[in-house]
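These protein sequence lines are chains C and R, in that order. For the first sequence, counting from 1, position 143 maps to 143 in the working numbering; every step adds exactly one. For the second sequence, counting from 1, position 722 maps to 722 in the working numbering; every step adds exactly one.
Calculated from the structure, these hints are not laboratory results. Since this is a predicted model, take the numbers as computed values, not measurements. Please note that a few of the clues may not be correct.
To be verified - Calculated cross-link-like contacts (lysine-lysine; reagent style DSBU-like; alpha-carbon spacing at most 35 angstroms):
1. LYS130(C) to LYS56(C)
2. LYS130(C) to LYS82(R)
3. LYS623(R) to LYS51(C)
4. LYS623(R) to LYS56(C)
Stated by the list, open to error - Some chain R residues judged to face chain C by a derived CB distance under 8 angstroms, without partners named:
5. ASP128
6. THR130
7. THR320
8. SER676
Even for Gly, the Cβ is constructed at its ideal location relative to N, Cα and C.
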Amino acid sequence: MILQDEVLVPLDRDTVFAALNDPEILKQSIPGCEELIKHSDTEMEATVVVKFGPVKASFGSNVELDPSAGPAQFSLSGSGDAGVAGFAKGGAKVDLTEQEGGTLLNYEVNIDIGGKLAQIGSRLVEGTSKRLAKKFFTNFEQALLNRHA
Amino acid sequence: MSVEAKTMEERQAALKGLGSSRKRVEDARFTQGKGNYVDDIKMPDMLFGDFVRSQHAHARVLSIDTSAALALPGVVAVLTAKDLEPLGLHWMPTLAGDKQMVLADGKVLFQGQEVAFVIAEDRYIAADATDLVVVKYEELPVLVDPFKAELDDAPILREDIADATEGAHGPRRHPNHIFTWEQGEKESTEAILSSAPVVAEEMVYYHRTHPCPLETCGAVASMDKVNGKLTLWGTFQAPHVVRTVASLLSGIAEHNIRVVSPDIGGGFGNKVGVYPGYVCAIVASIVTGQPVKWVEDRMENLTSTAFARDYWMQGKIAATAEGKILGLWCHTTADHGAFDACADPTKYPAGFMNICTGSYDIPTAYLAVDGIYTNKAPGGVAYRCSFRVTEAAYFIERMIEVLAIRLNMDAAELRSINFIGKDQFPYHSALGWEYDSGDYHTAWNKALEAVDYKGLRAEQSAQVAKFKAGETRSLMGIGLCHFTEIVGAGPVKNCDILGMGMFDSCEIRIHPTGSAIARLGTISQGQGHATTFAQILATEIGIPADDITIEEGDTDTAPYGLGTYGSRSTPVAGAATAMAGRKIRAKAQMIAAYLLEVHDNDVEWEVDRFIVKGAPERFKTMKEIAFASYTQAIPGVEPGLEAVSYYDPPNMTYPFGAYICVMDIDVDTGVAGIRSFYALDDCGTRINPMIIEGQVHGGLTEALAIALGQEIAYDELGNVKTGSLMDFFIPTSWETPNYQTDFTETPSPHHPIGAKGVGESPNVGGVPAFSNAINDAFKPFGLTHTQMPHDHWRIWKTANELGLHD
């Protein structure tokens, strides 16, 4: 499953890029994120609770960040295990472009989902995933604006 | 007496015997919610089991940590393969000669595979605890495409038998290969294919689907440690076989095991096999000393207990330029999933697939079937058909259509000129069967006339012209099918389950007051056995069907039988019933002669009594005879009136039918609307026309489901994409059309009452009729064949590929 969209954040690119690497901002942004532990600059561990239709899944996730192409690009990869509910693995790539009024984030998320989550139907999972991705960036923008208000 | 005032016809009618549309005696309890199903069984101190299942299609199990689950209040135990291993129960034999993991032993091979069994005081606690069992996996490459199973980079699935070059059905050429089964004449068929004037070729895929009965599979096991007796209630289509298998596996003596199939909410093949849930419930009850219930949920049912079909059938059919078929060739790649667990009641790994010459007189044929392991659920059951018969019927009925296109000939006419003639029966087919009886031309002509076939074709042509002129966006499809089934497994010479011959049985006891109880080795799952078997007996022994109780499903009381599936109950147990009835009548004749003070040969049977030959006013009714058998000392005759019959049929029976479906297809939405469906069935002697009609309606609706969308689909990771009823298609009244049923009656010459069985005909014949209608609609635009299931999206896609949206 591939999700693509874009969002404009009314802040400069360096600020936005730094925020993408900031555990505190990420924790506020990831929908359902209950815990986020930074092991190093590029390694994080997160507990995220997501509800896909009738299935509530608590993912124990390991995420690796790749800021090496920053601030023009930011990417991450990871996998999450939700026990009997299933598992997810994949990655995301965000292109950051400076433009008038702020920074345009073009994101492409690539996720493979397995287990019960996959069985309940790709329509449901895809819809939920799209909504969550959107919600992440809305939260992200809000968290940033709160900090820089 | 008022009885004597009745005419013979009135007495006949009062019996409600053969041919009577007697109302189903079962329905009083079912329609009032008073059925007694496995999940209705409640016992003191009963525990509940639930499975931890694999989320991966192929992975190594690195560790299983049950400590958190065990710490949850209410959890009694958690079983893993390690716990079952000392008992030798971590694997179990399948009905197809393979073995299957009961709980994951080192690795998992399909999504939904049983990994651990949690036993708790409450169903909800058990479910919660499955969440707390932590299983660490190492993912392995997944194999979902059977055509990639033997490539160099294919993962080896079954490490336990990777080196075995010999399987249950002969040589294996690759670790992922199960068997090759060949029938017929390879060389002469290939010679005909290379020299015939016309050869048509097609790959026909019958997709993976699932019987999905309303009630899912389940069991309650209760081990009484005081008397050493194990009682097992379950959704079993073959309770006696389950008892024997349970005894062989557990080492508990067979007389100490009682298996009971209570009311069953539909089986359709799903409840023939033996599943890990049954084994775990038994072990859990033995371990805890308490009754243990296991009932699977809908997702578990669809993803782990027996699927059906998944046959890739490559076909070649040769004919003269005039359309006379010369030869048929078929190579099937059969996707069996992770374990070969087909519920196959024959001695052959592809069952009755060699009925694929269908209703046609085909002089030479060759069939080969390759069984393949993939990372999918095991099973391969006969979903409302005899084993692999619906695959065979779909294959030949598609090949006939493909040949008709190649010949530019009307497909109804092509069938007609190739039918086995009425005078050719008993007919020996090129692939080895002896068809018992049939009259295909009569049935076919009756069907074509009933639907005004010529008129339909003219209307279809006009519709195509209108479509091309841009006046309509709707196309009309005419789906033809003439199928021949092979049912009633079956003769011990070619049918068995784990070596057990496929006979069946009936035991009758006539009570002193002239009513009766009959017990059979079969088990109804909605077929109405309590109604129809009483009718067979009523005609045989002259006791009204209303005065006869039919009992099945309790191995402590019923005679041994092989169960109900493959339309075998009427052909086999029905025959046993008639034969046992005749034994009763033979004894009754001696009693009647004694009471009438004449010689045995001087009385004759008349509806419900024996009369003195030439003096019908001197008679003894069956009721009087029954009473005498218990109350009088009759010289040379034992008291009582009972009989038992075990029946091994001399041959299979071969029901047939002619189905015609008319569809209107919206090219822009892919919606296929069924305008009409005509179904003519010939099931030999008709026992209860109303029940036959009900069976035909139900079977056609399941056929509609399969042809128009029902499937178990996997993605490339081995995820089941249709694991719930949100995605798995079950037709409702919205999709279900009105059916027009009809019949001809060609009795089986070898069956005691001439009956052939009918429960599965509509599924076997219905799927090709629906599919042929879809294919036929697009034929004028160049389509030869499109694969099932024909859901709206695929129909739309077909239209799109043919350029009909341009």
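Okay, the hints, checked on the actual structure:
For the proposed pair LYS130(C) and LYS56(C), the alpha carbon gap of about 17 angstroms is at most 35 angstroms, so the pair holds. Distance hint between LYS130(C) and LYS82(R) is unfulfilled; the C-alpha atoms sit about 42 angstroms from each other, more than 35 angstroms. With a C-alpha separation of about 68 angstroms, the suggested pairing of LYS623(R) with LYS51(C) is violated against the 35 angstroms cut-off. Distance hint between LYS623(R) and LYS56(C) is unfulfilled; the C-alpha atoms sit about 66 angstroms from each other, more than 35 angstroms.
Given the 8 angstroms rule on beta carbons, the hint for ASP128(R) is violated: about 10 angstroms separates it from the nearest Cβ of chain C. Interface hint at THR130(R): satisfied, since its Cβ lies 6 angstroms from the closest Cβ of chain C, which is below the 8 angstroms cut-off. For THR320(R), the suggested interface contact is broken, since its CB lies about 49 angstroms from the closest CB of chain C, more than 8 angstroms. Given the 8 angstroms rule on beta carbons, the hint for SER676(R) is violated: about 33 angstroms separates it from the nearest Cβ of chain C.
Comparing the model with each earlier hint shows violations of hints 2, 3, 4, 5, 7 and 8; every other hint is respected.
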